Every structure is written in structure tokens, then in C-alpha cells.
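Participant: Taking the hints into account, I'd like the entire structure generated from these sequences.
Protein chains: 2
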Amino acid sequence: MHAEIISIGDELISGKTINSNAAWMGRQLLLIGVPVLQVTTVGDDAAMIREALATAERRSEIILITGGLGPTHDDITRSALCQYFQCDLVLNPVVLEQIRERFRHRGLPLAKSNESQAMVPSAAQVIYNRQGTAPGYHFEQSGRHVYVLPGVPHEMQGMMNESILPEIRARQTEWFIESKTFCTNGIAESMLYEKIGNPAEVERWAKMAFLPAPSGVQVRLIAQGTSAAEARQKLEQAAARVLERAGRYIYADYECTLEQVVAELLTQRKATVATAESCTGGLIAHKLTSIAGSSAYFERGVVCYSNRAKTELLHVPTSLIERHGAVSEQVAMSMAENVRRIAGVDYGIATTGIAGPGGGSDDKPVGLVFIGVADKSGSQWERHIFSGERWLNKERFANSALNLLRKRIIGF
Amino acid sequence: MHAEIISIGDELISGKTINSNAAWMGRQLLLIGVPVLQVTTVGDDAAMIREALATAERRSEIILITGGLGPTHDDITRSALCQYFQCDLVLNPVVLEQIRERFRHRGLPLAKSNESQAMVPSAAQVIYNRQGTAPGYHFEQSGRHVYVLPGVPHEMQGMMNESILPEIRARQTEWFIESKTFCTNGIAESMLYEKIGNPAEVERWAKMAFLPAPSGVQVRLIAQGTSAAEARQKLEQAAARVLERAGRYIYADYECTLEQVVAELLTQRKATVATAESCTGGLIAHKLTSIAGSSAYFERGVVCYSNRAKTELLHVPTSLIERHGAVSEQVAMSMAENVRRIAGVDYGIATTGIAGPGGGSDDKPVGLVFIGVADKSGSQWERHIFSGERWLNKERFANSALNLLRKRIIGF
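Chains as they are written, first to last, in my numbering: chain A, 1 to 412; chain B, 1 to 412.
No wet-lab data here; the hints were simulated from the structure.
A quick note: this is a predicted structure, and the numbers were derived from the prediction, not measured.
Among the clues, some could well be false.
If chains are identical, the list can't say which one is meant, so a pair holds when it fits in one copy or spans any two.
Claimed, not checked - 27 angstroms max Cα-Cα, derived BS3-like pairs, lysine-lysine: (1) K207 - K112; (2) K364 - K376; (3) K234 - K16; (4) K180 - K234; (5) K16 - K195; (6) K207 - K407; (7) K376 - K180; (8) K270 - K180; (9) K180 - K364; (10) K195 - K112; (11) K112 - K376; (12) K234 - K270; (13) K16 - K180; (14) K376 - K234; (15) K234 - K195.
Facilitator: What follows is the structure, encoded as C-alpha cells:
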């Protein structure tokens with residue numbers, strides 16, 4: 001059993017609005033074992049809508065249509081559907097009363113254009129909308145189910161959760177589905193792929209996908225079985241294999257960021273941290289303070305872009321910078337140790353490197369970073385080289401630093 | 001002349017990744033007068049890819065395909081295209097050398113799976129990728145142009161900007177298109193809409209769209225004419241109207257960020273800046289250092305999350321914090337003045353506020369921020385209240401601060 005999504009709206013194909021509805025629906029459908037085969041996005045154009053629907057009906061049992069049900073002249077989804085299903089618009093008194101009640105409740109006069117939303121295609125069952133004026137429709141034709149919903153996200157989600165997803169789930173009796181996502185850091189997609197080895201050995205149990213993100217590559221596993229227990233068991237087999245081969249690069253077995261993991265570790269241990277950033281320019285501090293409640297573990301951060309700032313704020317000896325250069329493991333460690341001592345916190349974390357595009361040399365190329373971490377028992381450093389644009393290098397530098405901090409906290 | 005977009009990837013139809021690439025491409029294509037007719041999103045499935053391509057070729061002259069060009073087994077776009085265009089994979093020595101060079105640069109061994117990315121369809125021209133290992137392809141067949149690009153956003157955008165958009169623009173000879181985007185800060189979308197007044201008066205000359213972004217609302221104007229001069233003249237009429245009505249909120253008449261504008265102003269004036277952040281947690285420093293060459297104007301930043309850090313790093317008097325609270329105009333100004341003096345720079349910029357979700361009170365609610373800016377002739381402050389999630393509040397706080405700095409620099 002498969003589903004397709006047809007998203008309708010000029011604002012979608014012109015790029016004014018990003019199609020987040022389709023992503024939301026895709027996630028919900030996958031979790032009830034009904035994968036989406038295709039998402040088709042068209043403008044407010046009757047011929048394109050009919051063509052998309054005809055094509056989808058040839059392939060899929062479930063078709064979800066969103067958008068173009070508003071009260072204005074450019075919303076033409078309803079009339080396109082009447083043409084397609086060869087039916088008329090008829091007044092639905094229940095919907096009319098609901099629309100009137102909404103306006104009464106808000107103390108507003110009822111606009112003619114809103115009243116016309118009570119006219120519904122005669123071939124469809126109405127899906128009531130408790131959050132807005134546009135009702136949804138359900139067409140059933142030769143085993144195909146076509147659900148039509150407004151494009152306003154919270155209205156669509158309300159109607160999906162209340163009536164459509166339970167209905168589809170009841171109809172999907174083929175499979176039980178279980179899924180897991182591993183987040184990695186510090187390994188490139190191609191290297192991770194080789195570490196895990198022959199994908200067929202994982203895919204005996206579960207479908208495996210690699211999803212690159214600035215924080216690192218994610219590995220997603222989806223297992224299906226004829227019972228919940230079977231799906232769960234298959235997922236565990238696949239997960240065990242990935243863990244065995246690539247465990248040392250995995251920082252979480254659910255979808256999350258490195259700063260979330262670090263925040264949780266620090267909070268659990270009632271530990272505090274301070275940052276000393278050069279090339280990351282405040283990004284590590286920004287990430288650590290993006291978590292609600294971060295004032296419990298984040299004490300301060302300094303961004304010492306100039307050598308003078310490194311000396312004044314962090315007491316890095318001028319002689320150390322002269323001897324090894326600002327981009328060196330010695331300076332990274334000195335920054336981490338000193339920010340920890342000066343701020344009086346448990347952990348100090350520091351970066352110094354070359355984000356680019358300028359400032360590189362043969363010896364110290366663009367993309368090079370030294371990361372230092374310090375705690376009461378000492379300090380350590382890592383050296384990485386990335387090759388990306390400035391923003392991506394900063395992202396990767398910051399995530400490598402958070403990962404080093406994570407490893408230091410758990411004694412990895 | 002129309003375009004279609006085919007987005008490929010299991011992560012898109014499963015809703016793991018929101019299809020922001022299609023929106024970006026739709027915007028860029030519209031700006032060169034080539035509207036998108038349909039966006040088709042399919043999984044990593046050869047038959048679905050071929051079907052989507054065959055359908056798109058019947059309707060549109062330009063087809064842009066993204067995704068599924070990675071080095072792993074689930075990336076099958078390339079082989080699906082070879083089947084569709086009935087050609088083989090051949091080794092491209094230039095691409096192979098580029099991939100080798102990338103790995104050499106990072107000091108990493110070359111994975112077999114990456115080496116295989118140098119195998120390209122024999123029927124295609126190669127589009128070089130300067131930001132990653134997957135090259136793009138250009139197929140031309142009976143007047144149809146099929147461009148194939150990796151799904152990694154910055155790689156796709158780089159290749160679009162460098163080669164594909166200029167090529168399509170040269171081929172679009174029906175209309176002359178001129179467009180302009182005004183970036184605003186400090187005004188909500190509905191207020192901006194009312195300020196500009198009757199949209200028909202602008203749309204006599206150019207299509208107008210409002211695009212909300214965390215940095216502020218953008219107003220996009222697109223004019224078309226049968227000559228370049230006509231399109232330009234219509235655009236100027238529309239732009240004059242927008243400028244007249246909403247000019248004081250506009251910080252740029254092209255698509256850019258506030259940090260880009262501030263960076264340019266500082267660089268032109270050979271001026272320097274230091275940041276003192278509380279609630280923005282390093283985000284302003286991160287934004288200011290996201291611009292290449294930022295070491296010329298950014299001297300240092302401090303993130304003083306605790307009151308102790310405010311006193312130790314910025315010499316904010318404890319009595320001032322006790323009298324007015326840490327979230328106050330007095331503390332914001334003291335932070336800005338002191339960071340300027342201590343760092344020995346031309347401008348100091350500071351934030352103190354409540355990003356939420358916790359920490360608010362009736363007096364000082366979540367979303368409240370005080371911003372201070374200081375230069376040699378004195379200091380000033382602004383107070384804003386926003387209502388969003390933590391990340392959005394931080395974004396808006398930081399952008400408001402950058403806008404205040406901008407206004408101070410130009411003497412607004």
C-alpha cells in the first residue's frame with residue numbers, strides 16, 4: 001500500500017513557501033507503514049491539478065491533496081476536483097452552520113466568499129475542519145482514496161490526526177514498522193559506508209539510508225514485520241550490526257544535535273563550561289546557548305579573533321603564539337586551560353584554525369583546525385582538516401569541538 | 001518557457017528532509033523569467049525517476065534534477081539516467097583528479113566509492129562541482145535541457161549560480177525580466193503590507209510578493225517587458241512606490257543579510273567592532289565572523305551569560321545590575337560602552353534580554369530585549385519585544401542589534 005501527496009499553490013512552485021506540509025505528511029505516513037511514492041507540487045492551475053491526480057491514481061491507493069481550498073478567486077482546487085470526478089457543488093448545511101458559528105464566535109460579519117466554502121463536491125464525503133473554514137473532502141473511486149485538505153499547516157495536521165491517519169492505519173494491515181536513526185560525527189559518508197561493510201548484511205533486516213548533515217552523517221534504519229515484535233527484532237539486528245561496525249563514531253541513537261547531547265551530559269553532572277573561540281567566532285557559544293536552560297551549564301564565552309584578545313582575555317603567552325603560531329595545538333590547549341581557570345568552570349573548550357577562504361598556507365591550509373579541551377585532570381587536543389566554504393567549515397569546526405567535549409565528559 | 005524540478009531522495013518523501021532546494025530553485029528561476037510548472041519528488045527508485053523525467057519532458061523545456069548523486073548504494077540517480085538516455089558510464093579524468101585533490105588536501109585516503117563518482121554518463125556534459133565530490137550533468141535532447149545536480153544545498157546552489165542559471169537566462173528570449181528585492185528589518189509583514197497600501201498600485205508595474213525571513217520581511221518585485229528598457233522602467237516605478245512608503249525599514253535593495261551590510265560599512269570606514277552578548281549567546285559574533293575577511297573589523301566578542309562574567313569581563317558595576325536588573329537599558333549601554341573601551345575599537349554592541357521559554361515575568365516577559373550600541377560620541381539603546389520560540393527570538397534579537405549598529409554607523 002502506497003500514498004502520494006499532491007501539494008497545490010502558486011506560492012509553492014515560486015519558492016515563496018517551502019513545502020513543509022509534504023514532509024510532515026510523509027513522516028506520519030511512514031510511521032504507520034504507508035510509504036509515500038511521490039510528492040507532486042503544482043500551482044493553482046486546474047489542468048495541472050487534474051493531470052497530477054490522474055497520474056497518481058494509476059500508481060497509488062492513497063492520495064492526499066493539500067492547498068487551494070481558501071475563499072479567494074485564486075483557490076481553484078475544489079472546481080478542478082468537480083471536473084475530475086464529474087460532479088457538482090452542493091450546499092452542505094452542517095458546514096455552513098460551522099462557518100457561521102466560527103464568525104459569530106469571533107464577532108465578525110460573515111463574508112460571502114466564506115459562505116461559499118459550504119458548497120462541497122457532491123461525490124465527496126466531507127471531512128470537518130475544527131480549526132478553520134475550509135472543509136476537507138474524501139473521494140473514493142475503484143479502491144482509490146483521495147483526501148483533500150486545506151494547506152494551512154495546523155488545519156491540515158488537525159484533520160490528519162483526528163480522522164485521516166486513523167482511517168488509513170486501519171486500512172493498512174500489511175506491515176508493522178519500526179525505525180531508528182544513528183547520529184555520527186567525525187567520519188565522512190563514504191568512510192562510514194565502508195566501515196559498515198556490505199549493506200546487504202544490514203538490509204536483510206532493515207532498509208538503511210545515509211543522510212548527510214553539517215553535524216555529521218545520520219544512518220536511518222527502517223524495519224518491517226508482520227507483527228510489532230518481528231519488526232522490533234529485525235530493527236535490533238540491523239542496529240546491532242551498525243553499532244558493532246561504526247559505534248565509535250555514533251553520538252546518539254535518536255535524531256538530535258551534538259549540543260543537545262552535550263547539554264544533557266553537563267546538566268546530569270551539574271557541570272559547567274566556558275568557550276574560547278577563534279575561528280568558530282562564537283558559533284560554539286551560540287549552539288550551547290540555543291538549548292533552553294543553558295544558563296545552568298554555560299558560564300561565559302570569549303571570541304578572541306585578534307592575537308591581542310587571546311593575550312588580554314585568555315592570558316595566552318605572546319611567546320607561545322610567536323613560537324608555534326596562533327593556529328597550533330599549543331595555543332588551542334592554552335586557550336582551553338586558561339578559559340577554564342579564569343571562568344572557574346569544569347570544562348574549557350577552544351578552537352583555533354582557518355575557516356577561509358583566505359588566510360591559508362601550504363603548511364596551514366584553509367579548513368585546518370586545532371581543538372583543545374580542558375578539565376580538572378588535564379587537557380587534550382585534536383587536529384582536523386575539512387574542505388568546504390567558510391560557513392560549512394565553521395559548522396564542522398564547532399561540531400568537532402562539541403564532540404571532543406562530549407568524549408572528554410564521558411571518558412571516551 | 002517553463003521549468004520543472006525533480007527532487008530525488010528517500011529522505012524527501014519520508015519527510016526526514018524538507019525540500020528547501022526546490023523552493024530555492026523556484027525563486028531563482030522566477031527571477032530570470034522561467035516559472036516552474038511542477039515539482040516532482042520521488043525516492044531513490046530508478047523506475048519512478050525515469051517516469052518523472054519522461055512526464056516532465058513532455059511539458060517543459062528545462063528540467064532540473066537534484067539528489068541521489070552521493071557515493072553510496074542508495075544513490076541511484078546516475079544509473080537511472082544512463083538507462084533513460086541509453087548511454088554508459090565513462091571515466092572523466094578531470095573529475096577524478098578533482099576528487100583526488102580534495103582528499104589529498106584533507107590528508108585522507110581516497111575511498112573506492114568516491115573514486116567511482118568520476119564515472120559519468122557518456123551522453124552528458126559534465127558540470128564541475130567546486131564544493132563537493134559529485135559532479136553534475138547536462139543532457140540535451142530534442143530541445144529539452146536536463147540538468148542534474150547533487151542534493152547538498154550549497155553544492156547545488158554553487159553550480160546553479162556559476163553555470164546553470166546564466167545558461168538558462170541566455171536561452172530565455174521571450175520576455176525581459178527585471179527584479180528587485182528590498183530587505184526590511186523592524187516591521188511585521190502585516191504592518192508593512194498596510195504601509196505600502198493598495199497592492200494594485202504597485203502591481204500595475206510589477207508583481208509584488210512578501211517573503212518572511214528571520215532577518216525581516218523581504219519585498220520582491222518582478223517586472224516584465226518586451227524590451228529591457230521597458231522592464232527596467234516598470235521596475236523603477238514599482239520600486240519608487242515601495243521606497244516612498246516603507247523606505248525607513250529597508251536596509252538593502254538586494255537580497256542580503258544584515259551582517260553583510262554591516263561588514264561592508266565597517267570595511268569601507270576601516271572601523272572595528274566588539275560584541276558583548278548575553279541573551280544572544282554568541283550569535284552576533286557568529287554572524288559578524290561569517291563574512292570572509294571579518295578579522296579586519298571584528299576584534300573580539302564576549303558572551304557574558306552569568307552576572308559574574310558581566311562584571312569580570314565587562315566591568316559592569318554590580319550595583320547597576322542590582323538597581324536595574326541584568327535585563328535593562330542601563331546594563332545594555334554599560335556593556336556596549338565598556339566592551340568598546342576595553343577592546344579599543346570604534347563600535348561596541350551589546351544585548352541583554354530573555355530568549356525563553358523560561359525566565360520571563362510580567363514586568364520582563366519572554367521575548368524582551370535591550371540592545372546597546374556605543375561609539376566615540378556616546379551610546380544609545382533600543383527595546384524590542386518579540387514572541388517566538390527561543391531560536392527565533394535569538395535570531396531576531398541579533399538582527400535588531402545588527403540593524404541598530406548599522407543605523408549608528410550611517411547616522412540614521
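Participant: Determine for every hint whether it applies to the structure shown.
Facilitator: Status of the hints after comparison with the structure:
{"no.": "1", "hint": "K207 - K112", "in the structure": "between (50 angstroms within a copy, 23 angstroms between copies)"}
{"no.": "2", "hint": "K364 - K376", "in the structure": "neither (30 angstroms within a copy, 38 angstroms between copies)"}
{"no.": "3", "hint": "K234 - K16", "in the structure": "between (42 angstroms within a copy, 21 angstroms between copies)"}
{"no.": "4", "hint": "K180 - K234", "in the structure": "within (11 angstroms within a copy, 54 angstroms between copies)"}
{"no.": "5", "hint": "K16 - K195", "in the structure": "between (39 angstroms within a copy, 21 angstroms between copies)"}
{"no.": "6", "hint": "K207 - K407", "in the structure": "neither (29 angstroms within a copy, 54 angstroms between copies)"}
{"no.": "7", "hint": "K376 - K180", "in the structure": "neither (36 angstroms within a copy, 56 angstroms between copies)"}
{"no.": "8", "hint": "K270 - K180", "in the structure": "neither (29 angstroms within a copy, 52 angstroms between copies)"}
{"no.": "9", "hint": "K180 - K364", "in the structure": "neither (39 angstroms within a copy, 41 angstroms between copies)"}
{"no.": "10", "hint": "K195 - K112", "in the structure": "between (59 angstroms within a copy, 12 angstroms between copies)"}
{"no.": "11", "hint": "K112 - K376", "in the structure": "neither (59 angstroms within a copy, 43 angstroms between copies)"}
{"no.": "12", "hint": "K234 - K270", "in the structure": "neither (38 angstroms within a copy, 62 angstroms between copies)"}
{"no.": "13", "hint": "K16 - K180", "in the structure": "between (33 angstroms within a copy, 12 angstroms between copies)"}
{"no.": "14", "hint": "K376 - K234", "in the structure": "neither (44 angstroms within a copy, 67 angstroms between copies)"}
{"no.": "15", "hint": "K234 - K195", "in the structure": "within (21 angstroms within a copy, 59 angstroms between copies)"}
Of the numbered hints given earlier, the model fails hints 2, 6, 7, 8, 9, 11, 12, 14; all others are met.
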